[in-house]
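Student: Spelled out from the first residue to the last, the chains are:
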Amino acid sequence: MDNHTAHSDSAPHDVAHAEAAFHPGWPTYWKVALILTLITIAEVWGYYIPSFVASRAFVPALLVMSAVKFAIVVAFYMHLKYDHKLFRALFTGPLFIAASTLLALLFLFGQLVARFGPAK
Amino acid sequence: MSAPTAGHYTATGLDSRKIAIWAFIGSECMLFVSLISTYLIYKGRSLVGPYPHEAWTSPSGQHFNPILNIPVTSFSTFVLLMSSLAMVLALAAVQNKELPKRTFGERVLGSSKLWLWMTALLGTTFLACQAYEFTSFVHEGLTIRTNLFGSSFFTLTGFHGAHVTAGVIWLLTLLAIDYRRGLGPKDELNVDIAALYWHFVDVVWIAIFTLVYLIK
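Line by line, the protein sequences are chains E and L.
Per my numbering, residue 1 is the first one in the first sequence, and the count goes up by one each step.
Per my numbering, residue 1 is the first one in the second sequence, and the count goes up by one each step.
Chain L on its own, in the form it takes in the complex (with noise of 0.2 Å):
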């Protein structure tokens, strides 16, 4: 019987689990890209607050400042970006597992865990910072229910949370796979596979960021 990541023929000469997860990030595009139409369609035809850009007074007199929190969000793109870069360096240790590691810098990007570890780490960081701003909107009395802002804002963020948790579900199986029995060369498709869903979600987040929070 072949190891689980041993090459096989196909028609096209190409490993068929790369197509299938090129396939499948392709068909996230068109998921994510109608989670942000639908926001855009929706934009400034909220009918009552509170706003992402603007303040707003409640007929009853009630004062809403605008909801979004740059400097946190900026924050949370930052870890996000920073998170790829790991995911990156992660791929490249166990492509290069098995070279002979003199100084203590190629020690250190030559650490497969180390990287996943950080990885998940900044992942975890950015799930935070989203489950605070959920937080404080539903604080400042903004829910899934309450306008059509908060319910496109909440569906299309939601949903990006759910996807990056999913990568770090993903991160952590193969940090299980590498203390168990360490992750090497014959390992580099997996970890490559995770490696593109981990930068699409990253690159979903790009666009989501621009869109949704900085375009007034």
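Okay, chain E solo, but in the shape it has when bound (with noise of 0.2 Å):
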């Protein structure tokens, strides 16, 4: 059997697998759901308390509990954690990319530097 027709004949069967990623179902989509509402909920409680807003805890918390929500959402409804790590990778990589390029414009526009930067 040469190579061509091994592929030919195994294709089908290699596709069916690397697609048959788990999936989880409700038991866990419910949970996830109630864990964002939640979580939205903490962020919009911390927005109405001027003591929160005015600490330095404040915007460090709410994207700390963004990231958790984007990444609860990517994880489990999006699949990537059960998924192939070429999908990781695709998805992963860019945003990468993305946020560097982010925090490099912040630095060089002075956002960043105007709230962490040396006292001048």
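No lab work stands behind these hints: they were computed from the structure.
Check before you lean on any hint, since a few could be wrong.
Claimed, not checked - Computed list of lysine-lysine pairs in DSS-like fashion (alpha-carbon distance at most 27 Å, straight line): (1) E:85 <-> L:186; (2) L:97 <-> L:186; (3) L:97 <-> E:81; (4) E:31 <-> L:97; (5) E:85 <-> E:31; (6) E:31 <-> L:113; (7) L:186 <-> L:113; (8) L:186 <-> L:101; (9) E:31 <-> L:101; (10) L:186 <-> E:81.
Just so we're clear, the structure is a prediction, and the values are computed from it rather than from any experiment.
Using the hints, build the complex out of the two chains.
Tutor: Put into structure tokens, the structure is as follows:
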């Protein structure tokens, strides 16, 4: 059997095997929805507490909560946690480049230096 | 001729359509981060109001309140999050179409039409909230030409709204197929690709909600 024939014979099996990624069901999905809702409530609640808004923890706390929500949706609803590593690379690669560009631009235009840079 | 959803050989062993949607989502990440970058760079640099989080009085004495409406946006954020739940249930219903459904709960969870309708309805509700928000901003004196905040805000959220609109149209086409011939396990990949796009639109809004609406 030559290579071409081998590919042709095994192709449907390979594709089926690769596509049969595990997808969590209703018991996981409703818990994820509940966690997302609770985090959103915490975010909005924090927004209405003046002492929290004025504190140094406000922005980092919101960013962390937002990142957790982002990661949960990507991992469970987009089932990237259970999917092929190539899909993970296709998503996290551009995301990393984009996030790095965002940080570089914020430094370049002084938006981050103004907050975290050395005192003048 | 093979069915449109039949698997075909690729060097990776993965369906090329799914690779394509992930590559597309990766490129969309870059698009939205560029729009978010623009918003953040211009943040706090508008010479005239209205402003997102601060009141402003114009030289002519006209008073403007902070323009962002957090309660409405919080509601629309919740709606979009729940639409993602409805979308995963629609996909699960399509995957499990051929399994027997004995109880009422199994019949509800197994109805792809119900969950596709629910997702489209929630997406439309989100768009309605956005239309209300945009209209009220214009009435309060903020347009895309008013200041840097208006330009970057309307561009960013407008692009996101256009993506949600495309997603709702995509969902309606899936619903039309479901009514015409029924969606089954053979259509899993088509629904999965639509679901990935929908969830991506959701995660973009998660970032926008925090960076634009909540961080002052």
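Student: Each hint should be assessed against the structure and marked as holding or not.
Tutor: Consistency of the hints with the structure:
A threshold of 27 Å between alpha carbons decides the hint, and for residue 85 (chain E) with residue 186 (chain L) the separation of about 24 Å falls inside it, so the pair holds. Between residue 97 (chain L) and residue 186 (chain L) the CA atoms are separated by roughly 10 Å; this keeps the pair inside 27 Å, and the hint holds. Of the pairs offered as hints, the one joining residue 97 (chain L) and residue 81 (chain E) holds, with about 24 Å between alpha carbons and a cut-off of 27 Å not exceeded. Restraint check for residue 31 (chain E) and residue 97 (chain L): the C-alpha separation of about 23 Å stays at or below 27 Å, so the hint holds.
Distance hint between residue 85 (chain E) and residue 31 (chain E) is fulfilled; the C-alpha atoms sit about 25 Å from each other, no more than 27 Å. Proximity of residue 31 (chain E) to residue 113 (chain L) is assessed by CA-CA distance (about 23 Å); at most 27 Å being required, the pair is judged to hold. About 16 Å separates the Cα atoms of residue 186 (chain L) and residue 113 (chain L), which keeps this hinted pair within 27 Å; it holds. As the CA atoms of residue 186 (chain L) and residue 101 (chain L) are separated by approximately 19 Å, the hinted pair is consistent with the 27 Å bound.
Restraint check: the Cα-Cα separation between residue 31 (chain E) and residue 101 (chain L) comes to about 23 Å, which is no more than 27 Å; the hinted pair holds. Taking the CA atoms of residue 186 (chain L) and residue 81 (chain E), the gap is near 23 Å; set against the 27 Å cutoff, the hint holds.
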